[in-house]
Amino acid sequence: MDCNEVKEILYDYLTDRLSKEDIQTVKAHVATCKSCEKDLEELRGTLTILDKWKPPEFSPAFRASVLEALEERRSRKPATVVKRMIEWFLQPQHLKRPLQGLAVAAMVLVVITIYRGLNPVEDRTIRDVPSPVIVIEAKEPIVIETDDVSGAFDKLKRLIEVHQGSMVRRRPVEGGMEVTIKSDKDKEEKFLESLTQLGSVKKETEGFKDGDGNIVVTIMKN
Amino acid sequence: MEPADVERTTELVQRVKDGNARAFWDLLSIYEEMIYRFCYRKLYVKEAAEDAARGAFIKAFEKMGTLKDDSKFKPWLFSIARNVCMDELKRGKKFVELPEDDTMDAIPNGKANPEQALDHKQRMNVEGIVMEQVGKLSEKYKDVLLLVHYEGMSYEETAQVLNIPIGTVRSRLARGLETLRGRLEYLRS
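Those protein sequences? They're chains A and B, same order as listed.
Going by the numbering used here, the first sequence wraps up at 223, each residue one higher than the last.
Going by the numbering used here, the second sequence wraps up at 227, each residue one higher than the last.
The hints are simulated quantities; they were obtained by calculation from the structure and are not laboratory data.
A quick note: this is a predicted structure, and the numbers were derived from the prediction, not measured.
We put the CB at the ideal spot given by N, CA and C, even for glycine.
One should not assume that every hint holds.
Claimed, not checked - Here are some chain A residues pointing at chain B (derived, C-beta under 7 Å):
hint: 1; residue: 45
hint: 2; residue: 51
hint: 3; residue: 57
hint: 4; residue: 61
hint: 5; residue: 63
hint: 6; residue: 64
hint: 7; residue: 67
hint: 8; residue: 69
hint: 9; residue: 137
hint: 10; residue: 192
hint: 11; residue: 196
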């Protein structure tokens, strides 16, 4: 390899994208070529600086929020067309011209009917793929009693992070909040033990998991 | 991406297509972090990046039936995420405005003007400077850098995401890195 060929693969060399044979070739070349050695060190320095850019952690509830959004869209979809038609029909200019409005509304219905007939794949996607959020409730959620529900919830979020779990969903319940947590089996025991930091814990030996094996915790006000 | 990862992804995609929504959860767990990181580096704002990543996954779920080659899910998903981010950037609501300057002249050069460089260093930490300088690259160089360097994608996968030849991926990466080498030179000492 000459200098130009080596310079072209210096990035690959530094990021483990080369075959063993090419790695040896680059090493041997750089050992005897000051210009390529200088380029290699400069590139290494640049990459080290570039790697300082670390995005902030994303929300532990992100995954659950995607599924919630999908569920919402799925349940809203059939109603949306009808709702939009009603909203359109109730616009003042159409009330003033009811016959014209009715005619256009009828046309929209015809177009939708034809569209659905011509696009069975889209329809199947919506109809056949089951809801991503099918929840079989936990029989006996873990109950944490505390004076400060939102403070305990903040602490719980930190505990979930510390034990490398993730929050699947949360919802308000009477007198508090229910939180569903996905936890790694190896870390589950320690995570459960750590819940005592949040308040007084009432936990049955079983029944605190939902149908997906997620831990369900209810934080209640004392 | 290792062959085993491609195999696992392909299997999950097929299961989602067969109506197994649980498999989509598993796909999410594999790709959520990298898609979020990519969106963040495009948009610079955590909340906007989460919105964009969420939007990308929703589109992917809804359009899964149109994915012809299941083994190409990863580049396909990144391509969707990139489009969502580009739409967001076009709307111009949620991203950080960077100074309009695409030349190296405005960047303090440690050798030529150490005082100015020191000032600049003091004003921003290294991470901030990297964000600023990567952000100043044009999108075509930035996309390649984000995918190849920050996400560790192969040249082939990157070419698929951006729908460009592999040779173009290599040349854009080299050009982007060369520009950054010059712009970040004063930090290397």
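Original post:
Which of the stated hints cannot be reconciled with the structure, identified by number in ascending sequence?
Top reply: 1, 4, 8, 9, 10, 11
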